[in-house]
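Peer 1: Single-letter residue listing:
Protein chains: 2
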Amino acid sequence: MTKTIRQLAGRSPALATLLFAICACTAESPPATEAVDLIVAGAAVVTMDANDTIIEDGAVAVADGVIVAVGTRAEITATYHAETSLDGDGRVLMPGLVNGHSHAAMTLLRGVADDLDLMEWLNNYIFPAEVEFVDAEFVRIGTELACWEMVRGGTTMFVDMYYFGDIIADVVDRCGMRAMISATVIDQRSPDAEGAIDSIQKGSEFIERWKNRNSRITPIFGPHANYTLNAEQLQATREAANALGVPISIHLSESPFELQYSKDTYGTTSIELFESIGFFDGPTIAAHVVWPTTREIPILAERQVGVIHNPTSNMKIASGIAPVTAMLDAGVRMGLGTDGAASNNDLDLWEEMRLAAFLQKVEQMNPEVLPATTVLRMATIGGAEAIGMGDTIGSLEVGKRADLIQVSFDDVHHVPTFDVVSHLVYVTDEQDVTTVVVDGKVLMQDRRMLTLQTDRIAQEARDLAAKIQAALAARNR
Amino acid sequence: MTKTIRQLAGRSPALATLLFAICACTAESPPATEAVDLIVAGAAVVTMDANDTIIEDGAVAVADGVIVAVGTRAEITATYHAETSLDGDGRVLMPGLVNGHSHAAMTLLRGVADDLDLMEWLNNYIFPAEVEFVDAEFVRIGTELACWEMVRGGTTMFVDMYYFGDIIADVVDRCGMRAMISATVIDQRSPDAEGAIDSIQKGSEFIERWKNRNSRITPIFGPHANYTLNAEQLQATREAANALGVPISIHLSESPFELQYSKDTYGTTSIELFESIGFFDGPTIAAHVVWPTTREIPILAERQVGVIHNPTSNMKIASGIAPVTAMLDAGVRMGLGTDGAASNNDLDLWEEMRLAAFLQKVEQMNPEVLPATTVLRMATIGGAEAIGMGDTIGSLEVGKRADLIQVSFDDVHHVPTFDVVSHLVYVTDEQDVTTVVVDGKVLMQDRRMLTLQTDRIAQEARDLAAKIQAALAARNR
Numbered sequence: 024m025t026k027t028i029r030q031l032a033g034r035s036p037a038l039a040t041l042l043f044a045i046c047a048c049t050a051e052s053p054p055a056t057e058a059v060d061l062i063v064a065g066a067a068v069v070t071m072d073a074n075d076t077i078i079e080d081g082a083v084a085v086a087d088g089v090i091v092a093v094g095t096r097a098e099i100t101a102t103y104h105a106e107t108s109l110d111g112d113g114r115v116l117m118p119g120l121v122n123g124h125s126h127a128a129m130t131l132l133r134g135v136a137d138d139l140d141l142m143e144w145l146n147n148y149i150f151p152a153e154v155e156f157v158d159a160e161f162v163r164i165g166t167e168l169a170c171w172e173m174v175r176g177g178t179t180m181f182v183d184m185y186y187f188g189d190i191i192a193d194v195v196d197r198c199g200m201r202a203m204i205s206a207t208v209i210d211q212r213s214p215d216a217e218g219a220i221d222s223i224q225k226g227s228e229f230i231e232r233w234k235n236r237n238s239r240i241t242p243i244f245g246p247h248a249n250y251t252l253n254a255e256q257l258q259a260t261r262e263a264a265n266a267l268g269v270p271i272s273i274h275l276s277e278s279p280f281e282l283q284y285s286k287d288t289y290g291t292t293s294i295e296l297f298e299s300i301g302f303f304d305g306p307t308i309a310a311h312v313v314w315p316t317t318r319e320i321p322i323l324a325e326r327q328v329g330v331i332h333n334p335t336s337n338m339k340i341a342s343g344i345a346p347v348t349a350m351l352d353a354g355v356r357m358g359l360g361t362d363g364a365a366s367n368n369d370l371d372l373w374e375e376m377r378l379a380a381f382l383q384k385v386e387q388m389n390p391e392v393l394p395a396t397t398v399l400r401m402a403t404i405g406g407a408e409a410i411g412m413g414d415t416i417g418s419l420e421v422g423k424r425a426d427l428i429q430v431s432f433d434d435v436h437h438v439p440t441f442d443v444v445s446h447l448v449y450v451t452d453e454q455d456v457t458t459v460v461v462d463g464k465v466l467m468q469d470r471r472m473l474t475l476q477t478d479r480i481a482q483e484a485r486d487l488a489a490k491i492q493a494a495l496a497a498r499n500r
Numbered sequence: 024m025t026k027t028i029r030q031l032a033g034r035s036p037a038l039a040t041l042l043f044a045i046c047a048c049t050a051e052s053p054p055a056t057e058a059v060d061l062i063v064a065g066a067a068v069v070t071m072d073a074n075d076t077i078i079e080d081g082a083v084a085v086a087d088g089v090i091v092a093v094g095t096r097a098e099i100t101a102t103y104h105a106e107t108s109l110d111g112d113g114r115v116l117m118p119g120l121v122n123g124h125s126h127a128a129m130t131l132l133r134g135v136a137d138d139l140d141l142m143e144w145l146n147n148y149i150f151p152a153e154v155e156f157v158d159a160e161f162v163r164i165g166t167e168l169a170c171w172e173m174v175r176g177g178t179t180m181f182v183d184m185y186y187f188g189d190i191i192a193d194v195v196d197r198c199g200m201r202a203m204i205s206a207t208v209i210d211q212r213s214p215d216a217e218g219a220i221d222s223i224q225k226g227s228e229f230i231e232r233w234k235n236r237n238s239r240i241t242p243i244f245g246p247h248a249n250y251t252l253n254a255e256q257l258q259a260t261r262e263a264a265n266a267l268g269v270p271i272s273i274h275l276s277e278s279p280f281e282l283q284y285s286k287d288t289y290g291t292t293s294i295e296l297f298e299s300i301g302f303f304d305g306p307t308i309a310a311h312v313v314w315p316t317t318r319e320i321p322i323l324a325e326r327q328v329g330v331i332h333n334p335t336s337n338m339k340i341a342s343g344i345a346p347v348t349a350m351l352d353a354g355v356r357m358g359l360g361t362d363g364a365a366s367n368n369d370l371d372l373w374e375e376m377r378l379a380a381f382l383q384k385v386e387q388m389n390p391e392v393l394p395a396t397t398v399l400r401m402a403t404i405g406g407a408e409a410i411g412m413g414d415t416i417g418s419l420e421v422g423k424r425a426d427l428i429q430v431s432f433d434d435v436h437h438v439p440t441f442d443v444v445s446h447l448v449y450v451t452d453e454q455d456v457t458t459v460v461v462d463g464k465v466l467m468q469d470r471r472m473l474t475l476q477t478d479r480i481a482q483e484a485r486d487l488a489a490k491i492q493a494a495l496a497a498r499n500r
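One line per chain: the protein sequences are A and B, in this order.
Going by this note's numbering, the letters in the first sequence line up with residues 24 to 500, in that order.
Going by this note's numbering, the letters in the second sequence line up with residues 24 to 500, in that order.
Derived from the structure by calculation, the hints contain no laboratory data.
Heads up, the beta-carbon is just placed ideally off N, CA and C, and yes, glycines get one too.
Among the clues, some could well be false.
[To be verified] Below are the EDC-like pairs computed for lysine to aspartate or glutamate, each with C-alpha atoms no more than 20 Å apart in a straight line:
#, chain 1, residue 1, chain 2, residue 2
1, B, Lys490, A, Glu160
2, A, Lys490, B, Asp442
3, A, Lys490, B, Asp193
4, B, Lys490, A, Asp442
5, A, Lys225, A, Glu160
6, B, Lys234, B, Asp287
[Claimed, not checked] Anything over 10 Å on all C-beta distances counts as not near chain A; from chain B, calculated:
#, residue
7, Phe150
8, Gln258
9, Gln327
10, Ala489
Here chain A stands alone, though its shape is the one from the complex (with noise of 0.2 Å):
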């Protein structure tokens, strides 16, 4: 059209400067783009696709929580717009961070102590201020804790393991985030409960109450370990989580204490009982697994089961060094839990990373193990993949749910950046997230949490702490 204009002007130049001035107003008007809900930009954009593809200044677009377009900003910017757009620089784009196992509430005792014996630590403070203190109200306080933490830190979806699912639930739901909310199952009296089969009975109830109510939140069960449920009880509630369709998460081979355990009861390892009752006949979530065998991790391979190793937990109470890198060889699918902040102290998965990569480069002596690139993967789209989750969430692809995050990377410990995934992994922390995405939804932006009343969660964390400090001094006097 210009060139056309311009030949025109040696003829006639008053025509010519008419036509110039039409084509100039016509470039101002709107441009016929897409409306679509959110476009959320990037200096860099970590997609974690299958060829870990980082798009230089790029975007997203979402509409109906669904991303509906990955590109240049140029390009998205070409073709979308947006009511509310997120600014991208200086800022990395990436994938929500997957926890794949916590027990949220327990963010609540968080440093109650700390650097004793496993059974002293259990039986002279979790457990007591368990029995006295769990109830609706801790476990709704300290899971708000928890979201709070966890959102201002980037993660997105928590796969949870505590009492008083629907109270979880509902925070869950109020707070925007995504989880995965376990019934707990155990053969003991436990806050909600009275024993393995009022527990799975209770939580069939809890997941028909919470299955396909909020797309957000999967009910599942949560038998606890090999060492609390008979193989009978554990039988039952892979029966029951079949019956409902739902998976199951549960803790395994977790501790010497275990091993010990299950070769007294039953003359083998947790995982070869497991597989030889048909526990793995159905999508389970094993956290921890640091004692698998040789002739073990090609059975968690073949079943599919997705491994959540617990890198902090695993150091802090002395559980052992879980064999990471065999286990991705052999294929099985894994990602990474903070468990709970009792035994942490935080929520930090962004911490999970770096010890999950150090730890293995220690312990076979080989800087090379488990990369930057692998343990991102861990965080995210390998993660999603261990929960089942893969088609849903983890990357940042066309027909995923918008759960994405922008990360600052102008605090001085990203001074000078040569590797947006080395920084990731090696150098970030919880308080350069800056803004965080659920299902297309802002919970935070630049900084400021928008779906949590966090003065209010602060006073009530802080009032309940007193309470259970002043208890246990009162006990352990």
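Place chain B on chain A using the hints.
Peer 2: Coordinates of chain B only, in the frame set by chain A:
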């Protein structure tokens, strides 16, 4: 006085009113308290004195760069007044952290390459980048960047080993930190010397220039390691250090490579070699010490060698797991270090504390070893003692130089707080530090850096990194 006036009031109300007015006026006039330069408060003051005293709602008074009083806030404010008072609500006041081993300028190379075999990493990335780019300007920018990160994260003192000591000293002088700066001695052409003899000569001149010039700066010798200097050169460095009355900092017993080299070359291990050649006949700061034998640990204790543990670096480049508790049990003076950011990839001593504790616990399969209090000592008074400055810094005690920090406990990861020391070790990170004072001077206040031009440093670091990245890409294409 008030009682006397009240007694008067019955007889002469007018006189009593007058006297009340005089008293009120007197009460409003400045109290007869002592003037100091600075009062810094904390909701909890973690003194790190010999009794691990923690003062609730406490404060310190500082005059002429020295701590003149430590007590409750009420005691301090009743006795002292100061033009500058730093409020401590919601904050922990504690000694600044001591980074016992760093290569500050290498912060410019953080993340330039990771997850590589040590020799590939050194030969294809670190050494080529250093050969081409390390000059006075690189050292100035890199050290400024490191000082920025260290101050931001609460480190007030560091022991550095790099090149162009005058430049490093100049940066430290200007930014206000405290440092021991090594003149690196190495038997090869380096950025600032031609070999062992030349580096000893130039190092001596550097030490002469900076000795007694600035009380915050201690110039020392930094012979690199037993595999980059022969026994005679090591001895010559010790003699030069003793002649000048300065300590030595050296890499020692770091890696299986060093073990093998020492065995092949000397038929013994590094520490036994050093003992036999008199290398420990003077103050020595030994970095890493991953592989001391049971025979060598008592030598380190007896010779009062300060050992600096660098857990991140030791894990990330797979050097090994140092026997920290065995050394502590033997009476070895131990501190913590970050090593260079090229193998870390940050300068975060909070993370070193956590990793030190975690790594010992899992390695010994015992959660009780290296408790939080012990690692916090390593990062403060223990580190100060290890580098021979235990009388000067490392704790908040009357007579010590005023190197102190405030750490905010407002962040969600500190909620709730059962135990301040537990949180400092297992939760706190760089970004929680709000205030840093060195030698009585405020270097950072409410997260604002007061002595470093951070925008300029970030820009210069990014510009230089872009050149380095282009050169390495061309080289490794």
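Peer 1: Does each hint hold? Answer for all of them.
Peer 2: Against the structure, the hints come out as follows:
For a cut-off of 20 Å, the pair hint linking Lys490(B) to Glu160(A) is broken: about 57 Å separates their Cα positions. Annotation: proposed proximity of Lys490(A) to Asp442(B) holds, straight-line Cα distance about 14 Å (limit 20 Å). Between the alpha carbons of Lys490(A) and Asp193(B) the distance comes to roughly 53 Å, so the proposed pair goes past 20 Å and is violated. Between the alpha carbons of Lys490(B) and Asp442(A) the distance comes to roughly 14 Å, so the proposed pair stays at or under 20 Å and holds.
The hinted pair formed by Lys225(A) and Glu160(A) meets the criterion: a straight-line CA distance of about 19 Å does not exceed 20 Å. Proximity of Lys234(B) to Asp287(B) is assessed by CA-CA distance (about 38 Å); at most 20 Å being required, the pair is judged violated. Against chain A, the non-interface label of Phe150(B) holds: every CB pair exceeds 10 Å, the least being about 16 Å. Distance to chain A confirms Gln258(B) as a non-interface residue, since its nearest Cβ pair spans about 32 Å, more than 10 Å.
For Gln327(B), the shortest C-beta to C-beta distance to chain A comes to about 28 Å, beyond the 10 Å cut-off, and the non-interface label holds. Listed as outside the interface, Ala489(B) is inconsistent with that label: its C-beta sits roughly 8 Å from the nearest C-beta of chain A, within the 10 Å cut-off.
Hints 1, 3, 6 and 10 from the earlier list are contradicted by this structure; the remaining hints agree with it.
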